[in-house]
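Same order as they appear, the protein sequences are chains A and B. According to this note's numbering, the first sequence is numbered sequentially starting from 1. According to this note's numbering, the second sequence is numbered sequentially starting from 68.
These aren't lab readings, by the way, just hints derived from the structure by calculation. Wrong hints could be hidden among the right ones.
[Claimed, not checked] Computed spacing ranges between beta-carbons, pair by pair:
id, chain 1, residue 1, chain 2, residue 2, range
1, A, 10, B, 362, 38 to 48 Å
2, B, 316, A, 16, 17 to 27 Å
3, A, 12, B, 316, 17 to 27 Å
4, B, 211, A, 20, 44 to 54 Å
5, B, 327, A, 20, 33 to 43 Å
6, B, 247, A, 12, 34 to 44 Å
7, A, 43, B, 196, 34 to 44 Å
By construction, the Cβ of each residue, glycine as well, lies at the ideal position given by its N, Cα and C atoms.
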Amino acid sequence: MVLKVKYRGKIQTVNIEKEKVKAEDILKALGLSSEYAFVVKNGEVVPEDEVISEEDEIKVVNAISGG
Amino acid sequence: MRLKKGTRCTICKSKKLNNKAVVFLPHHRLALCKEHFISWFENRVEKTIKEFKMFSKNDTVLVAVSGGKDSLSLWNALVKLGYNADGLYIDLGIGEYSKDSKILSLDFSKKIGRKLHIVDLKIEIETIPVIKESVNKPACSACGSVKRYYMNKMAKELGYSVIATGHNLDDEVAVLFGNTLGWDIDYLKRQYPVLEEEEGFIKKVKPLCKITEKESALYAVFNNIEYIEYECPFSEGASSIRYKEIWSKLEEQSPGSKLRFYTGFLKKMYPLLNKENSKKDDLKKCIICGEPSFHEICSVCKLKQKIQKVKV
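Please put together the full structure from these sequences, using the hints given.
Quick look at the structure:
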């Protein structure tokens, strides 16, 4: 599945070779951990096992910053 | 450990409600819905303020605002909790990054109806990229010095009694870890969420010191706070980010490690380090600007002199 994901203010294309994609798969594809990152689907924060479709508007938030 | 779809909010469950959790906090063994996460966050900030006697409702608080999630979440929470809190934004002149973060900070101050004071570093000294080129100093080091200087100076001039910064638990753990790796006793002695007022320095506090970086980002998203989502271009490769990634792996395997490391230090190590009244370096007043300094001329006035020389 090819998804458009908003990450760090930019739109990225994420290719996940699975038919049924979950939020945790997107984090994994971006090399992120749910310890510090999460997925926002259509404006709502969702659990890691939430199913994602190509039509969903997806944003990934990585909380780690330089500080 | 992760949140499974359909898990009920811990607090809702105790009230016999059926709301689903959207956040899981393994180190607190809590699964929370959006509303209960927001109130949990604000309660935790309030408790921290009281635990460390940071300030009261009678104080005037100046929040150091960067346009990032932490400072805006902190400002939002303080205003919601009924504290008298305005913001201070220092325009560092770092290209698009500063332009975007300034707009976001201004928009947010209008949204919550609080004053945002702005210091333009280009007018005061020079922009951070010019400073970096002109003096032989890493950008982050010069940036930290000027931010501390202007936060303190502006708070005094504008009549605020406390400066609050958005440093979170992950920031504090990363700094503590770095200082422990090098056994930097002088820095460790001063790592506390409250720095009391002394000889020209305004009281400084960190009300988010027990809030993780993820909790701070979640609070911003739940409250529709628009914050700068990309990193400062100068923070690339920063050791603090490396340390945070290491700690995240530890935390995954053993939830609560960060909080234990930090609060354990505050309770057990900090008092030991400060047990003996070690001789403090005498604070003087900078002969140029009058701000507190350990030398005749403070670091910011020295910086100004160097920039002037380069310009000539």
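Evaluation of the provided hints:
{"no.": "1", "hint": "10/A <-> 362/B: 38 to 48 Å", "verdict": "44 Å, holds"}
{"no.": "2", "hint": "316/B <-> 16/A: 17 to 27 Å", "verdict": "23 Å, holds"}
{"no.": "3", "hint": "12/A <-> 316/B: 17 to 27 Å", "verdict": "24 Å, holds"}
{"no.": "4", "hint": "211/B <-> 20/A: 44 to 54 Å", "verdict": "47 Å, holds"}
{"no.": "5", "hint": "327/B <-> 20/A: 33 to 43 Å", "verdict": "38 Å, holds"}
{"no.": "6", "hint": "247/B <-> 12/A: 34 to 44 Å", "verdict": "36 Å, holds"}
{"no.": "7", "hint": "43/A <-> 196/B: 34 to 44 Å", "verdict": "36 Å, holds"}
Of the numbered hints given earlier, the model fails none.
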